[in-house]
Amino acid sequence: NAGVMQNPRHLVRRRGQEARLRCSPMKGHSHVYWYRQLPEEGLKFMVYLQKENIIDESGMPKERFSAEFPKEGPSILRIQQVVRGDSAAYFCASSPDRYGYTFGSGTRLTVV
Amino acid sequence: DAKTTQPNSMESNEEEPVHLPCNHSTISGTDYIHWYRQLPSQGPEYVIHGLTSNVNNRMASLAIAEDRKSSTLILHRATLRDAAVYYCILRDPHDAGGTSYGKLTFGQGTILTVHP
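Protein sequence lines correspond, in order, to chains A and B.
Start counting the first sequence at 1; every next residue gets the next number (the working numbering).
Start counting the second sequence at 1; every next residue gets the next number (the working numbering).
No lab work stands behind these hints: they were computed from the structure.
Beta carbons are placed, not taken as given, at the ideal position from N, Cα and C, and that holds for glycine.
A few of these clues could be false.
In silico DSS-like pairs for lysine-lysine, Cα to Cα no more than 27 Å straight-line [unchecked claim]:
1. Lys3(B) - Lys62(A)
2. Lys44(A) - Lys3(B)
3. Lys27(A) - Lys51(A)
4. Lys62(A) - Lys51(A)
5. Lys44(A) - Lys27(A)
6. Lys44(A) - Lys62(A)
7. Lys69(B) - Lys44(A)
8. Lys69(B) - Lys3(B)
9. Lys44(A) - Lys71(A)
Over the 12 Å line for every Cβ pair with chain B, so calculated as not near, a few chain A residues [unchecked claim]:
10. Arg13
11. Gly28
12. Ser66
13. Asp86
If you anchor each label on the Cβ, the simulated ranges turn out as follows [stated by the list, open to error]:
14. Glu40(A) - Thr79(B): 21 to 29 Å
15. Pro61(A) - Lys3(B): 17 to 25 Å
16. Lys3(B) - Arg64(A): 28 to 36 Å
17. Ser41(B) - Pro61(A): 18 to 26 Å
18. Asn23(B) - Ser58(A): 25 to 33 Å
19. Pro61(A) - Pro40(B): 23 to 31 Å
20. Leu80(B) - Gln17(A): 35 to 43 Å
21. Thr52(B) - Gln50(A): 24 to 32 Å
22. Gln17(A) - Ser28(B): 38 to 46 Å
23. Arg81(B) - Gly59(A): 25 to 33 Å
Chain A with its partners taken away, still in its complex shape (with noise of 0.2 Å):
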């Protein structure tokens, strides 16, 4: 049974390019959890989704961020026009429920 997935494991873009950013969770798990790490800081949430319903984005900022969780396929966490300060890695976790929690190994983004 695979882990979850997420690719690509590292994206460069250039200021004002859009960011797609795939989690394939593990099987058998509907949950999903986009975390976001900043250079030097810890983790801070940022949406949980199950299949087709965003359940909270609570960490999600306001602007040119989104994200999905269709009913086939990987999760899409998307930036678009991004900036130099949305250069992080983030992480995808997945859960059969609400408790139980595996990470990816991430998406480290560089804004150039």
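With chain A fixed as given, assemble chain B onto it according to the hints.
Okay, now just chain B, sitting in the frame of chain A:
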């Protein structure tokens, strides 16, 4: 989620036991104590969790104070691969319908350095 306090860093020698403390004086009766660790360039990894009684698993032991205001993660024989940031997190699995149930609130954690 209630707040936890951990030392910024600790050091250990390889093959020696390590005791990582965590204070959580405002813990509620239904909060579970969870520990995660994050190895360099990796996502966080679950280590152990408990409510009142001490817990053991293949990775570590968790010692919980009788008043539950503090806990200690014990690595019985540290290896170089245990060098990581260790996070102590409180979670209430039975929140009253709020949106906190799905997320973990990470503090700064303790940076553990293991010397050969």
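So, going through the hints one by one against the coordinates:
no.: 1; hint: Lys3(B) - Lys62(A); in the structure: 26 Å, holds
no.: 2; hint: Lys44(A) - Lys3(B); in the structure: 14 Å, holds
no.: 3; hint: Lys27(A) - Lys51(A); in the structure: 13 Å, holds
no.: 4; hint: Lys62(A) - Lys51(A); in the structure: 22 Å, holds
no.: 5; hint: Lys44(A) - Lys27(A); in the structure: 25 Å, holds
no.: 6; hint: Lys44(A) - Lys62(A); in the structure: 15 Å, holds
no.: 7; hint: Lys69(B) - Lys44(A); in the structure: 24 Å, holds
no.: 8; hint: Lys69(B) - Lys3(B); in the structure: 11 Å, holds
no.: 9; hint: Lys44(A) - Lys71(A); in the structure: 26 Å, holds
no.: 10; hint: Arg13; in the structure: 20 Å, holds
no.: 11; hint: Gly28; in the structure: 17 Å, holds
no.: 12; hint: Ser66; in the structure: 18 Å, holds
no.: 13; hint: Asp86; in the structure: 19 Å, holds
no.: 14; hint: Glu40(A) - Thr79(B): 21 to 29 Å; in the structure: 26 Å, holds
no.: 15; hint: Pro61(A) - Lys3(B): 17 to 25 Å; in the structure: 24 Å, holds
no.: 16; hint: Lys3(B) - Arg64(A): 28 to 36 Å; in the structure: 30 Å, holds
no.: 17; hint: Ser41(B) - Pro61(A): 18 to 26 Å; in the structure: 24 Å, holds
no.: 18; hint: Asn23(B) - Ser58(A): 25 to 33 Å; in the structure: 26 Å, holds
no.: 19; hint: Pro61(A) - Pro40(B): 23 to 31 Å; in the structure: 27 Å, holds
no.: 20; hint: Leu80(B) - Gln17(A): 35 to 43 Å; in the structure: 39 Å, holds
no.: 21; hint: Thr52(B) - Gln50(A): 24 to 32 Å; in the structure: 31 Å, holds
no.: 22; hint: Gln17(A) - Ser28(B): 38 to 46 Å; in the structure: 45 Å, holds
no.: 23; hint: Arg81(B) - Gly59(A): 25 to 33 Å; in the structure: 31 Å, holds
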